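Chains as they are written, first to last, in our numbering: chain C, -14 to 166; chain Y, 4 to 333.
Any given hint might turn out to be false.
[Said to hold, decoys possible] Ranges between beta-carbon positions, derived for each pair:
#1 A(-6)/C <-> A322/Y: 32 to 40 Å
#2 S39/C <-> A208/Y: 28 to 36 Å
#3 R158/Y <-> A98/C: 33 to 41 Å
#4 L8/Y <-> D(-11)/C: 32 to 40 Å
#5 P102/Y <-> R14/C: 47 to 55 Å
[Stated by the list, open to error] Output of the computed footprint for chain Y on chain C, the stretches with three or more beta carbons under 8 Å from beta carbons of chain Y:
#6 4 to 16
#7 23 to 33
#8 37 to 48
#9 91 to 104
#10 122 to 134
Think of the hints as simulated: they come from the structure by calculation, not from any bench. Nothing here was measured: the structure is a model prediction, and the numbers come from that model. For each residue, glycine too, the CB sits at the ideal point set by N, CA and C.
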Amino acid sequence: MSDDEIFAAAYREHYWAVSRYVARRLDGRTSEVEEVVAEVFTVAWRRRADLPASPLPWLYGVARNCLANAVRGQGRRRRLVDRLGNDHTAHRRHVVSGPGTETPGDWVHEALARLAPGDQEVLRLTAWEELGIDEVAVALGCGRRAATMRLHRARRRLRAEIDRLCPALADANASKDHGHD
Amino acid sequence: MTDELDLLRRANPVPDDGPRFGDGPLDHRAEHRLGRLLDDRSTGRRIPLRLGGRFRPAWALAAVAAVAALTSVLLLGGPAATPAIAAPRPLAVLADSTPVPLDRLAERAATAAADGAPALRKGTHVQSWSLGMSDTEPPVTLPEERIVRWTADGRHTELVVATDPRHPGRPVLTDEDGEPRLVDDGQVISRRAFPPSWSDAPPAARPPHDTGRLRAYLTEAVHGEIRTTPELLAATAQLLDHWTLGARESAALARLLADAEGLRPVGGVTDRLGRPGQAYVYDDGSGVRHMLILDPSTGAVLGLEETFTTDQPEYGVRAGDVMQYSAWMR
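Whenever a hint applies, use it, and build me the whole structure from the sequences.
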């Protein structure tokens, strides 16, 4: 197959997976998903000669950079709006009051949001995109070992944030762990 | 048990089988965009094609020799039969040393940067030791040296070599193929050449040498806010994994680090490459101690060490085990 045919096949196979990847990171701004995904595949088209045999993790890496560019533009707007003090999303952290008042998704998202962006991404790639560690390494553009290390650290930090937000869950797990010993 | 990844999986905001973005045929807009890409050849002309794969620049071969030379220069002693797999201990503070406040070192860095030399260079040269952990096997320390060099036309090459400069000639552990295994000291793990690429986004963009702008740069590099000192240290490592800082950038970074909260001067150390340094420690309260090592005269970052402060029996890790150590060189 030619590069063009390989690209077209990857586009058809992974368009929706890349759309989900982008949607998961745009906090519900689904109207922007299509635009970012179009940019992802435009960049991928220019680099179609580099398309690996298993292109999805690589496409996630491209998508990550496209999102960064998009967020970069939004960031300038966000900083301005934050100064005005009336942006709902800027205050999202203060709205979520705790695990007792929200659905589990909300406080897990809250725990995730408290982590550094790099920690968040390695966790999302593992839990939401269900990538193996080799694929995570491709998506992040790092070595397998570095990816393993990042995931380990991120899991530990997420655990700490979950325990902080939901001590009851921590106690339950502690007793289960004890039971396993 | 319900581990953190299970909880996160259940909180997936856009599940694969959800009502939107589920797998299936392309909708007409996606189909239209694909058609336009395939038809519009002009979009493919910005980056030359077919530059990856078998392309091997001459410098990559030269770099292998450089690594071998570096190894022999940095290390004492000769080849030995025993592999270099013992887990390194944390750096020890020299008993007779006096801690230098980070603020003072930042002032020295500013003075040292007055003439602008050495200059900033894109690319990095780093020796690292990483603890490889698994749920079922004991942890192992994996040492490697990585050199990234950029050319004026925007290409770059990356060379990764398995080596532990503290034990020249001894077999070295690597896990590049998935499972830890011993290889000869200096074995090339990977050698890759990348086609031209450009970006105006950090960390690919040129770092500034003004403190405020450098902080903004690092914030962009990590795709978010830098709220804590460990996050600043992680951003620092990311910067140094892409750039070999000049004196001015080092001075700006030293000032940023001096203004960060909680980095405590503990005294002089000799780093794993045998260089004298001043050490600054931060305990993040979640089981990891960060040690920043700076050149005592220029304030340049020489290394970062992360050490477990609590046992983690599920990974066979004990308090005092070094999780990650990076030593940057020019």
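### Query
CB of P102/Y to CB of R14/C, is that within 47 to 55 Å?
Since P102/Y and R14/C have Cβ atoms about 49 Å apart, the given range 47 to 55 Å holds.
### Task
Establish whether the coverage given for the stretch 23 to 33 of chain C by chain Y is satisfied; the threshold is a Cβ-Cβ distance below 8 Å, and no fewer than three residues must meet it.
Check passed, 7 qualifying residues.
### Query
For the stretch 91 to 104 of chain C, do three or more residues have a beta carbon lying closer than 8 Å to a beta carbon of chain Y?
Coverage by chain Y holds here, the residue count being 6 at a Cβ distance below 8 Å.
### Message
Please check whether the stretch 4 to 16 of chain C has three or more residues whose CB lies within less than 8 Å of a CB on chain Y.
### Response
That given contact holds, which follows from 6 residues of the stretch 4 to 16 of chain C lying within Cβ reach (below 8 Å) of chain Y.
### Distance restraint hint 32 to 40 Å, applied to the beta-carbon atoms of L8/Y and D(-11)/C
holds, 38 Å
### Message
Taking 8 Å as the Cβ threshold, is the statement that the stretch 122 to 134 of chain C is covered by chain Y upheld or broken by the three-residue rule?
### Response
holds (count 6)
#### Entry: Whether the CB-CB distance between R158/Y and A98/C falls inside 33 to 41 Å
Holds, at about 38 Å.
### Coverage of the stretch 37 to 48 of chain C by chain Y, judged on three or more residues with CB within 8 Å
violated (count 0)
### Query
Does the Cβ distance between S39/C and A208/Y fall inside 28 to 36 Å?
Given range 28 to 36 Å: holds, Cβ gap about 30 Å.
### Query
Holds or violated: 32 to 40 Å for the Cβ distance of A(-6)/C and A322/Y?
violated, 51 Å
Of the numbered hints given earlier, the model fails hints 1, 8; all others are met.
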